[in-house]
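Single-letter residue listing:
Protein chains: 2
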Amino acid sequence: MTDAESSRIIPPTPAPDDDHTISPDVWGFRDTGFTILPNGSVMLTGSRYALSGSELPDLLPWVRSQLGIDVSPSDKHEPAYPPAIPPARANERFLRAIREILPVDAISTDPIARLRHGHGHTLDAMYSIKYGCIERVPDLIVFPRTTEDVVAIVEAAAEFDVCLVPYGGGTNVTDALRCPADEQRMIASVDLRRLNRILWIDPVNRMARIQAGAVGRHIQSQLAQYGFTIGHEPDSVEFSTLGGWIATHASGMKKNRYGNIEDIVLDVHVVTARGELSRPNVAPRESVGIDPRRWLFGSEGTLGIITDAVVKIFPLPEVERYDAILFPTFEKGVSFLHDLTREATPPASVRLVDNLQFQLSQTLKPKATGLAAAKRRAEKLFVTRVKGFDPSQMVACTLVYEGSREQVAGEERAVSRLARRHGGMRAGSENGKKGYQLKFGIAYLRDFIMKHYILAESFETSVPWSQAEALCANVKRRIAEEYAARKLPGRPFVTCRITQLYSTGVAVYFYFAFHHKGVNRPADVYAELEHAARDEILKSGGSLSHHHGIGKLRSGYLPRVFSPATMEWAAEMKRAIDPSNVFGIANQ
Amino acid sequence: MTDAESSRIIPPTPAPDDDHTISPDVWGFRDTGFTILPNGSVMLTGSRYALSGSELPDLLPWVRSQLGIDVSPSDKHEPAYPPAIPPARANERFLRAIREILPVDAISTDPIARLRHGHGHTLDAMYSIKYGCIERVPDLIVFPRTTEDVVAIVEAAAEFDVCLVPYGGGTNVTDALRCPADEQRMIASVDLRRLNRILWIDPVNRMARIQAGAVGRHIQSQLAQYGFTIGHEPDSVEFSTLGGWIATHASGMKKNRYGNIEDIVLDVHVVTARGELSRPNVAPRESVGIDPRRWLFGSEGTLGIITDAVVKIFPLPEVERYDAILFPTFEKGVSFLHDLTREATPPASVRLVDNLQFQLSQTLKPKATGLAAAKRRAEKLFVTRVKGFDPSQMVACTLVYEGSREQVAGEERAVSRLARRHGGMRAGSENGKKGYQLKFGIAYLRDFIMKHYILAESFETSVPWSQAEALCANVKRRIAEEYAARKLPGRPFVTCRITQLYSTGVAVYFYFAFHHKGVNRPADVYAELEHAARDEILKSGGSLSHHHGIGKLRSGYLPRVFSPATMEWAAEMKRAIDPSNVFGIANQ
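Heads up: the sequence lines are chains A and B, in that order.
Residue numbers for the first sequence follow the numbering used here, beginning at 11 and rising by one.
Residue numbers for the second sequence follow the numbering used here, beginning at 11 and rising by one.
The following block holds chain A by itself, in its conformation from the complex:
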């Protein structure tokens, strides 16, 4: 075998990412969004997704029945975007230094860009920028082109007392990018997305070194050209970056096969207020005492700027297959999942939706006509009449298999056997594939319904097996109670799904929506209700977050999960290694 360097492939530098294809005020690409057609059907515009371009006649009626509100297409909550953007503060000495480091096209004070760099995709952010206001945003955006640029920027910030905020995809859902309102210093957003190269691919050692600003979809497409994948596929993969994944301690949908971010990343290169964290070699695994590079995982922009990382890469799988299994009840589905972890190797991705999400997925099916419609009716009759599934109880499990032919065959056999044991019925690979890909389209739903006075948000947790079902029930019950106690309109819509499996428990993802027309300060009402939900999650033995992280949204809960000494350790470490708080985004 040759030495590491001679076996490496140096891919070409990718074309610069065109940020203008992405909407600044809602999730996703500009060319895609839900709209209501004159005939009352809903459609996802554009042609990016499997779901795009199909008429969806059942969605609106279903939403109305769920919320108990007669949602009218013409009744729109018109957004006033952009809100007033606070004037930019200028630290002249820093600005002069920056102009020595970067060319003019790598520096921006554009107000819309400043606004965008000051928020993520929490409900609060999405609502505030359209219907409210935002107190503080970055005063400047810089676009370093190299690690050396980043080093110079950090040195200048430290010297001239400027607050730096690393920026990747801006997709966090924890208000991690919200600038502290009381930050008196100039705030510069460091947009990493020009550090987007795959520096090298090493096929012999199955590693790659990738810059932190590389966006997930580009990493995937470029690695695929060489027959590899990074294996990390969060729901935000189209927009989020490697640096963001590390900083949020992310999880990907196929972690059963590839691991979570802490399993995939071998080494990080970080620019800090005290210099660079770096090393000359990468080890498959090592014991080197206290390792500060691991502190960056989950650090959410508070410790430094990650500029690149060495990650494991995996050959593209020989086989990729989808499947969907219907279960008569959520309880049976959970028992199936539990046995799957105990008696078999779970496939790459396994998700179980509850009945409401199953119903939602049915409304996101295009209108079927003729033979297709007849077939669908027959399927439905078969499931309900012949197999005796109750449409108000049944749930669906979506599976994605990746691997060698033999491995996948083994996994499928085990799934079949266990599904039968728990009364499951295969719904076919086409349903499985559609179910898996739905997630990319569904992400556009929240911003669409916001324009119709419906607030919706997701939140998640992880919990041991024995408490999973009770946690789901408790959260639904608590939200309903809090909603009724506040005499809010109609009914709340609360649904959950299990999105990740571990031998020790699961990750649970909730959606919560309600119609707020006539409600005073609806975003605050939402926040109270989510707070109650999180309280119930913690009381039910769930964690603060499986993968979204803490940001500002959940920092208030940390004393419930960390002892005082634990919190002191974190605060003391931050003070020690960043004494002038250069990285002052104030998360956690």
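Think of the hints as simulated: they come from the structure by calculation, not from any bench.
Please note that a few of the clues may not be correct.
It does not matter which identical chain is used: a pair holds within one copy or between any two.
As the list claims (entries may be wrong) - Cut-off 20 angstroms, straight-line C-alpha distance, at most; resulting in silico cross-link-like pairs (EDC-like, lysine to aspartate or glutamate):
#, residue 1, residue 2
1, K549, D277
2, K562, D192
3, K549, E15
4, K443, E243
5, K443, E422
6, K443, E330
7, K342, E422
8, K584, E286
Please build the complex by placing chain B on the supplied structure of chain A, with the hints as guidance.
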């Protein structure tokens, strides 16, 4: 499913460990050790191991031929154990406080115990206590019975300025337990082994909470009574503790199936100078921002005292099988291993020894007579004459399979196919089992040969695939060069094996031995040679350590692997969270 607490099993408190069964001055149990019989055969006394009680006629002759020295059984380097033990320092206020916390039988100033608590099992430690001296040892040993005891001890140490050193199995091989010679404060060793309970076992959530002083072999036997294993099986498992595993960032021989310590441990409870790191619930996996509890991994006693941890547990495997495969050359063996990681799921444990270790393993076979001897000769002829294996090149791969019948069958098929591709020949499960279990007996060899003027030590690294073979060759070459340059007697014995596989590389374990009669300051000469080896390892792209850690032995190399800012971060964090250096063992 029921809530977590109602599904838990509370095992009975184990009998107190009898430390007197363990040798204080050499590795292992008192009832076991190598000895030379009148007829020149070597034998492992006692009856603990598969190897015990068998005459081994070939070992001594082989050692002589390897070292080029006529090692005589009567020529013994008589040890003078114990060395002079420095008088105990007494901090009276601390002692008074301790006597309020602990009963008399939980406090010791016994000199031999103090000595033992001041060293591990490096060559330097083993040599110094027999043929040299030791500058500083703990002045006191305390044996807390509960976490509350530990809290009180740490508070007293902080109040009265005493240095605390956590102690588990005392099996480190990095001089981690060596007390700083210039430590003026009283040093109290906190022996954790009375915190040895499995607090609860949770079969539904596949977790257990175990106290940090529980020793590996007891954890295994107690969990097995309930049908579980922790999966972590380092070579030191008979003596090392859960707390020690965490503090050294340990790896176990079956990590392919169960993961390394960082994969197995879900939560740690730590007593620190600022209070306890603890939390109310355990999550399967979570994103909670900066998580100080992870800093304890690899902290080697410098940050606090781990008192218990929640770990994953696994059901005992349905099937456990051994195998051994001979390969014509080390190179072919490595290629086999590489393909195994790329094309299959490696079995629970896979190790490849080089030719010298293969020869050594042959000398550790009991004398065969009659039919068994004939059979062995026939096997040897078959391998060498019929299959054409060169006895001076051939190597052996030992495999351990664990899992379901189906999974193991699949792994065996893959191994067979790949072994054939690389010219491998199955040597049978009996050879596999013996090969795997040899490691427990071999651990006694080093201390035995030390009594005959032979110094021997192991050291290890991890390295990407592409550099693995070159690293092995470079290290062997470098030691030979340095040995010849110093005109040392006979020849150095250097051998290596690959002990762990990753998709990105391997762990490599070296043994190095030489005969030192007539050599001035042999332990120092050894240290120089190991230093040269480590230099060569680093230059060849290997890590400082795969799993042994840093301690004092390798702290000098940290600047070669960590940038200055990385080292500052570690130092600043330590200063911030333990400002009066209560945990002053000064590792890393």
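Comparing the hints with the structure gives:
For a Cα distance limit of 20 angstroms, the shortest separation of K549 from D277 across copies, 19 angstroms, qualifies, whereas the shortest one inside one copy, 36 angstroms, does not. With identical chains, the CA atoms of K562 and D192 are at most 20 angstroms apart within one copy only, with a shortest distance of 14 angstroms there and 46 angstroms across copies. In this assembly of identical chains, K549 and E15 lie within 20 angstroms of each other by CA distance solely across copies; the values are 14 angstroms between and 52 angstroms within a copy. Taking the shortest alpha-carbon separations for K443 and E243, only the intra-copy value of 15 angstroms comes in at or below 20 angstroms, while the best inter-copy value is 41 angstroms.
With identical chains, the CA atoms of K443 and E422 are at most 20 angstroms apart within one copy only, with a shortest distance of 15 angstroms there and 33 angstroms across copies. Taking the shortest alpha-carbon separations for K443 and E330, only the intra-copy value of 10 angstroms comes in at or below 20 angstroms, while the best inter-copy value is 38 angstroms. In this homomeric assembly, K342 and E422 come within 20 angstroms of each other (Cα to Cα) only inside a single copy, at 19 angstroms, whereas the closest approach across copies is 35 angstroms. For the identical chains of this complex, K584 and E286 are neighbours both inside a copy (16 angstroms) and across copies (19 angstroms), given an alpha-carbon limit of 20 angstroms.
The structure shown violates none of the earlier numbered hints.
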